[in-house]
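Student: Sequence:
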Amino acid sequence: MNIGDRNVKAAREVLREKGIPIVAEDVGGTVSRSVFFDLEAATIFVTSPRRKVLFG
Numbered sequence: 011m012n013i014g015d016r017n018v019k020a021a022r023e024v025l026r027e028k029g030i031p032i033v034a035e036d037v038g039g040t041v042s043r044s045v046f047f048d049l050e051a052a053t054i055f056v057t058s059p060r061r062k063v064l065f066g
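Each number in the working numbering comes from the position in the sequence shown (counting from 1) with 10 added on.
Since the hints were made in silico from the structure, they are not lab data.
Computed from a predicted structure; not experimentally measured.
Each hint should be verified, as a subset may be incorrect.
Label pairs and their calculated CB-CB ranges [unchecked claim]: (1) Lys19 x Ala51: 26 to 32 Å; (2) Val24 x Phe55: 18 to 24 Å; (3) Leu49 x Asn12: 27 to 33 Å.
Every residue, glycine too, gets a C-beta built ideally from N, C-alpha and C.
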């Protein structure tokens, strides 16, 4: 298992423990992603160098 796979597994486990559902995910591959949390609007935005907003 590589570091990316371990990070995904760890993130899923923490979210499960905290009772936070995963409603979408964008993992794997060779493209980096940035995640932005807007706490006031209760939204999450994911961006990548190739595409502005992946989902949010």
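Student: Is the gap between the beta carbons of Val24 and Phe55 within 18 to 24 Å?
Tutor: Given a distance of about 20 Å, which is inside 18 to 24 Å, the answer is holds.
Student: Should the hint that Leu49 and Asn12 are 27 to 33 Å apart at their CB atoms be regarded as holding?
Tutor: Roughly 32 Å apart at Cβ, these two residues keep to the hinted range, so it holds.
Student: Determine whether the Cβ-Cβ distance between Lys19 and Ala51 falls within the hinted range of 26 to 32 Å.
Tutor: For Lys19 and Ala51 the Cβ distance comes to about 29 Å; the hint holds.
Going down the numbered hints, you'll see the structure goes against none, and every one checks out.
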